[in-house]
Amino acid sequence: GENVEQHPSTLSVQEGDSAVIKCTYSDSASNYFPWYKQELGKRPQLIIDIRSNVGEKKDQRIAVTLNKTAKHFSLHITETQPEDSAVYFCAARVNAGKSTFGDGTTLTVKP
Amino acid sequence: GAVVSQHPSWVICKSGTSVKIECRSLDFQATTMFWYRQFPKQSLMLMATSNEGSKATYEQGVEKDKFLINHASLTLSTLTVTSAHPEDSSFYICSATTNGFNQPQHFGDGTRLSIL
Numbered sequence: 001g002e003n004v005e006q007h008p009s010t011l012s013v014q015e016g017d018s019a020v021i022k023c024t025y026s027d028s029a030s031n032y033f034p035w036y037k038q039e040l041g042k043r044p045q046l047i048i049d050i051r052s053n054v055g056e057k058k059d060q061r062i063a064v065t066l067n068k069t070a071k072h073f074s075l076h077i078t079e080t081q082p083e084d085s086a087v088y089f090c091a092a093r094v095n096a097g098k099s100t101f102g103d104g105t106t107l108t109v110k111p
Numbered sequence: 112g113a114v115v116s117q118h119p120s121w122v123i124c125k126s127g128t129s130v131k132i133e134c135r136s137l138d139f140q141a142t143t144m145f146w147y148r149q150f151p152k153q154s155l156m157l158m159a160t161s162n163e164g165s166k167a168t169y170e171q172g173v174e175k176d177k178f179l180i181n182h183a184s185l186t187l188s189t190l191t192v193t194s195a196h197p198e199d200s201s202f203y204i205c206s207a208t209t210n211g212f213n214q215p216q217h218f219g220d221g222t223r224l225s226i227l
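Sequence order for the protein chains is X and L.
Residues in the first sequence are numbered from 1 upward in steps of one, following this note's numbering.
Residues in the second sequence are numbered from 112 upward in steps of one, following this note's numbering.
Calculated directly from the structure, the hints in this document are not laboratory data.
Nothing here was measured: the structure is a model prediction, and the numbers come from that model.
Be aware that one or more of the hints could be misleading.
To be verified - When the alpha-carbon atoms are kept at most 25 Å apart in a straight line, the in silico PhoX-like pairs for lysine-lysine are as follows:
1) X/Lys98 x X/Lys68
2) X/Lys98 x L/Lys177
3) X/Lys71 x X/Lys98
4) X/Lys57 x X/Lys98
5) L/Lys131 x L/Lys166
6) L/Lys166 x X/Lys98
7) X/Lys110 x X/Lys42
8) L/Lys125 x X/Lys58
9) X/Lys22 x X/Lys57
10) X/Lys110 x X/Lys98
11) X/Lys57 x X/Lys71
12) X/Lys110 x X/Lys68
13) X/Lys98 x L/Lys125
14) X/Lys22 x X/Lys42
15) X/Lys110 x X/Lys22
16) X/Lys22 x X/Lys98
17) L/Lys177 x L/Lys125
18) X/Lys42 x L/Lys166
19) L/Lys166 x X/Lys110
20) L/Lys152 x X/Lys22
21) L/Lys177 x L/Lys131
22) L/Lys125 x L/Lys166
23) X/Lys22 x X/Lys68
24) X/Lys42 x L/Lys131
25) X/Lys58 x X/Lys71
26) L/Lys152 x X/Lys57
27) L/Lys166 x L/Lys152
Please construct the entire structure, taking both the sequences and the accompanying hints into account.
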């Protein structure tokens, strides 16, 4: 089955700096890669996703890049703000099947 | 759009009680629903996948007689934790998706279950 590894497990940045979270996946058939933000005790919220026919996608301060050959994808957050502090999960999925989640990254943005 | 409602949000009950959790898609037809369990500071662990009108597919190690899943309509799935014990205490989250190529999952708010 699919295996998704996520790094780092914790990340602390200064407000205004950039944050990068990386994930690798094992199943070359995976073609959908969402990123979720989860605040303590709340639901995971989809913040951005990318499909395998695209190499990069951007939405304001958030961007995701995908390297299908190397089987890795990354989340980039620029100009970080304290409200960006949360746990971020990457996931990989084949078509409409089940998603495999990474172990999560706890991002702390210091004011 | 794409709202998933999950109830109850918090349950405390005695050991041996059965607890039912509901997951509803409010503004779309959820052909597939997923049930997850999440321990503190850990990732989402998939318990089972349910498709409307079919039996749920359980992940390895998840007892189907312990965690009963019903997906009787395109907008409702239920998870019943039967004869719950303290080790079943956890945060349970459902998600729903609809047919179509690479449709995103939409998560419910989760249910915090505490068994005394």
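Hints, one by one, checked against the model:
no.: 1; hint: X/Lys98 x X/Lys68; verdict: holds, 19 Å
no.: 2; hint: X/Lys98 x L/Lys177; verdict: holds, 21 Å
no.: 3; hint: X/Lys71 x X/Lys98; verdict: holds, 18 Å
no.: 4; hint: X/Lys57 x X/Lys98; verdict: holds, 22 Å
no.: 5; hint: L/Lys131 x L/Lys166; verdict: holds, 17 Å
no.: 6; hint: L/Lys166 x X/Lys98; verdict: holds, 16 Å
no.: 7; hint: X/Lys110 x X/Lys42; verdict: holds, 21 Å
no.: 8; hint: L/Lys125 x X/Lys58; verdict: violated, 48 Å
no.: 9; hint: X/Lys22 x X/Lys57; verdict: holds, 15 Å
no.: 10; hint: X/Lys110 x X/Lys98; verdict: violated, 35 Å
no.: 11; hint: X/Lys57 x X/Lys71; verdict: holds, 16 Å
no.: 12; hint: X/Lys110 x X/Lys68; verdict: violated, 33 Å
no.: 13; hint: X/Lys98 x L/Lys125; verdict: violated, 33 Å
no.: 14; hint: X/Lys22 x X/Lys42; verdict: holds, 23 Å
no.: 15; hint: X/Lys110 x X/Lys22; verdict: holds, 21 Å
no.: 16; hint: X/Lys22 x X/Lys98; verdict: holds, 21 Å
no.: 17; hint: L/Lys177 x L/Lys125; verdict: holds, 16 Å
no.: 18; hint: X/Lys42 x L/Lys166; verdict: violated, 28 Å
no.: 19; hint: L/Lys166 x X/Lys110; verdict: violated, 47 Å
no.: 20; hint: L/Lys152 x X/Lys22; verdict: holds, 18 Å
no.: 21; hint: L/Lys177 x L/Lys131; verdict: holds, 12 Å
no.: 22; hint: L/Lys125 x L/Lys166; verdict: violated, 29 Å
no.: 23; hint: X/Lys22 x X/Lys68; verdict: holds, 14 Å
no.: 24; hint: X/Lys42 x L/Lys131; verdict: holds, 20 Å
no.: 25; hint: X/Lys58 x X/Lys71; verdict: holds, 19 Å
no.: 26; hint: L/Lys152 x X/Lys57; verdict: violated, 28 Å
no.: 27; hint: L/Lys166 x L/Lys152; verdict: violated, 31 Å
Of the numbered hints given earlier, the model fails hints 8, 10, 12, 13, 18, 19, 22, 26, 27; all others are met.
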